[in-house]
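Kindly produce the complete structure, drawing on both the sequences and the hints.
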Amino acid sequence: MTKKQRALKAIEALKELYPVAHCSLDTTGALQLLIATRLSAQCTDARVNQVTPVLFRKFPTLQSFVEADIKDIEDIIRSCGLYKTKAKDIKNMCIDIAQKYGGQVPDTMEDLTSLPGVGRKTANLVLGEVFGKPAVVADTHCIRLSGRIGLTTVTKDAYKVEKELRAILPPEESNDFCHRLVYHGRAVCTARSPKCDQCTLADICISCGKV
DNA sequence: ATCCCGAGGG
DNA sequence: CCCTCTGGAT
Numbered sequence: 001m002t003k004k005q006r007a008l009k010a011i012e013a014l015k016e017l018y019p020v021a022h023c024s025l026d027t028t029g030a031l032q033l034l035i036a037t038r039l040s041a042q043c044t045d046a047r048v049n050q051v052t053p054v055l056f057r058k059f060p061t062l063q064s065f066v067e068a069d070i071k072d073i074e075d076i077i078r079s080c081g082l083y084k085t086k087a088k089d090i091k092n093m094c095i096d097i098a099q100k101y102g103g104q105v106p107d108t109m110e111d112l113t114s115l116p117g118v119g120r121k122t123a124n125l126v127l128g129e130v131f132g133k134p135a136v137v138a139d140t141h142c143i144r145l146s147g148r149i150g151l152t153t154v155t156k157d158a159y160k161v162e163k164e165l166r167a168i169l170p171p172e173e174s175n176d177f178c179h180r181l182v183y184h185g186r187a188v189c190t191a192r193s194p195k196c197d198q199c200t201l202a203d204i205c206i207s208c209g210k211v
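Just so you know, the UniProt record's numbering puts 71 at position 71 of the first sequence, and the rest follows in order with no gaps.
Just so you know, the hints here were simulated from the structure itself, not pulled from any lab data.
A portion of the hints provided could be inaccurate.
To be verified - Derived DSSO-like pairs (lysine-lysine); straight-line CA-CA distance at most 30 Å:
#1 163 to 15
#2 133 to 15
#3 133 to 160
See below:
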């Protein structure tokens with residue numbers, strides 16, 4: 001079975017298992033998703049969803065973030081971890097959005113990744129979720145599961161995984177598929193001891209029972 | 001101990 | 001490639 005064939009089978013199987021595919025960060029609009037995604041690094045979505053309502057109540061507009069005291073942002077987001085860099089990134093990305101992009105979150109990979117604290121993972125998520133563009137979100141789950149299932153050969157470099165996946169995934173499927181990999185990575189194909197005995201991908205996965 | 005939907009710098 | 005930033009969950 002080729003990687004592309006394996007991918008198509010995985011797409012269909014996960015579609016059946018997880019009919020609804022969407023980002024579990026609780027946000028409204030591009031700016032909130034951008035900020036919530038930056039907060040989600042090394043942190044659970046549940047924790048981010050606990051923090052963002054407080055954050056967005058205190059800073060309801062782009063301009064309020066531009067004028068924010070970093071310390072106030074830090075105090076609110078501390079429990080998400082990596083709070084110093086995240087707070088600085090949030091303020092600085094808002095400054096750039098205000099000054100370079102007329103107050104609108106940009107809608108291209110190049111412009112998004114030019115923002116402080118916005119890497120390819122965050123940019124892809126926003127491009128897919130907010131702007132409806134084909135995106136491959138190569139996060140920790142996507143990288144781990146793609147490698148295990150046998151869709152990719154590289155395992156460490158996120159950008160290489162993204163490119164390998166883009167080569168075999170139908171563009172119109174990639175966005176939802178990546179979300180479903182996250183669901184599956186949390187529920188079944190966990191980092192430490194994957195539940196291969198109850199995995200819907202058992203018949204196509206090259207690592208079934210071997211991890 | 002090891003991992004969580006990362007990004008930037010060396 | 002590697003490391004660091006960091007709190008919380010398991």
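Here is what the structure says about each hint:
For the given pair, residue 163 sits about 22 Å from residue 15 by alpha-carbon distance, which is consistent with the 30 Å threshold. A hinted pair counts as satisfied when its Cα atoms are at most 30 Å apart, and residue 133 with residue 15 qualifies at roughly 19 Å. Note on residue 133 and residue 160: the hinted pairing holds, with a Cα-Cα distance of about 20 Å set against a maximum of 30 Å.
Checked against the numbered hints listed earlier, the structure breaks none of them; every hint is satisfied.
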